[in-house]
Amino acid sequence: MTETTTPGLRRPPRATLVTLLGVSTMTIMASATITPALPGMERHFAAVPHADLLVRLVLTVPGLAIMIAAPVLAWLSGRVGRVRVLAAGLLLYVVGGGSGLVLDWLPGLLAGRVVLGIGIGGIMATSTALLADHHAEADHGRVLGLQGAAMGFGGVIALLFGGLLAALSWRGPFAVYLLAVPLLLVVLRFVPEPQPRSSSTEDNSASTPWTPRVLGMYALMFLGVVVFYVVPTQAPFLVAEVGGAGPVVTGVLMALLNLVMTLVGLNFGRVRAHRGFPALATAVFVTYAVGLAAVGLAGSLWVMALGMVVIGVGIGLQNPVLNGWVVATVDPATRTRALGMLTSALFLGQFSSPLLAQPVVDSVGLGRVFLLAAGLAVLVAVALAVLRAARSR
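Positions 1 to 393 (the UniProt record's numbering) are the ones given, in order, by the sequence shown.
Worth flagging that the hints you see were computed from the coordinates, not collected in a lab. The C-beta atom is built at its ideal place from N, Cα and C for all residues, glycine as well. You can take every hint at face value.
Simulated restraints, written as ranges between beta carbons of each label pair:
1) V386 / G365: 30 to 36 Å
2) A219 / A138: 26 to 32 Å
3) L387 / W210: 16 to 22 Å
4) T208 / S392: 22 to 28 Å
5) L110 / E241: 24 to 30 Å
6) R213 / W302: 38 to 44 Å
Start from the sequences, fold in the hints, and give me the full structure.
Written out as structure tokens, the structure reads:
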């Protein structure tokens with residue numbers, strides 16, 4: 001597989017950057033859009049055995065498809081071109097995501113979410129690599145921060161509209177997936193295929209996707225998502241329990257989280273200039289621990305909103321930190337494969353989170369699951385701090 005390298009590249013036309021940032025919003029909208037609809041969906045399918053778990057899997061089952069599809073599509077993009085894989089991913093995104101507008105069979109909805117997941121796998125396997133390929137290495141912190149901001153902004157829009165549409169019908173939020181139709185046309189018009197180049201001139205210190213260091217980055221992504229994804233899968237039910245609020249309030253709270261994510265992404269380039277990736281990764285888990293503890297202990301919606309703000313800082317850092325760390329570590333010739341594996345780790349975490357959390361919810365209640373997730377975040381932050389201290393000796 002061949003890839004482009006970044007030294008000496010000129011900045012691409014603004015339309016290319018804006019289009020790729022728009023593509024990035026699709027990935028977070030894939031799950032965030034339907035979060036406010038989960039309680040209504042559970043009521044609609046109440047007669048279905050194990051509806052409580054299956055409805056949560058409607059939110060997270062794309063992660064299983066992405067876990068499998070992303071590495072395969074990353075490999076395929078090296079054979080047929082990244083832009084082609086990206087365009088195909090957007091098409092599957094529309095078909096699979098929009099299926100919720102017409103299907104009234106829970107297994108069928110889950111099948112549509114699998115198609116959606118394959119589409120997201122294609123999008124995520126190519127979009128970050130295209131951003132890196134079309135920009136010089138010195139510009140990666142800025143563009144990956146902008147990508148994180150775009151994802152956060154997409155989440156704000158998706159959750160606000162999702163909350164409003166879910167108040168009308170649980171099907172309403174599925175209409176948001178149709179936004180990928182015009183975006184597909186823009187991709188074909190403004191995103192060129194990067195010029196191939198051999199990796200033989202690259203820095204010999206670069207790593208492959210399978211070194212222990214890079215595998216550790218995949219593990220951090222998995223654990224971060226397992227911890228964070230307690231929020232979109234369980235918060236709608238905790239909001240109803242604590243404040244007696246409905247999907248509109250849930251959408252507003254989740255939109256607040258994504259607004260903070262956007263602000264962090266816009267400032268990530270400056271933050272990255274002063275802090276290394278290990279320190280920033282530690283900060284991700286510290287903010288998760290504080291925010292999740294606040295949500296779990298919340299006695300009011302105001303305290304819960306404060307916890308969402310802190311969690312938003314963590315998720316705003318997580319993607320640009322780990323994407324950037326992988327891009328900076330691996331040889332450009334293996335960049336897409338490494339990002340494909342990182343994508344698999346991310347969505348494996350999404351798929352695993354409700355499976356791990358639901359037995360805890362059933363045993364000790366909604367609030368405790370947030371506290372246990374906060375405890376796991378503390379353990380990871382301590383482990384990272386110990387490793388940093390050991391390496392500095």
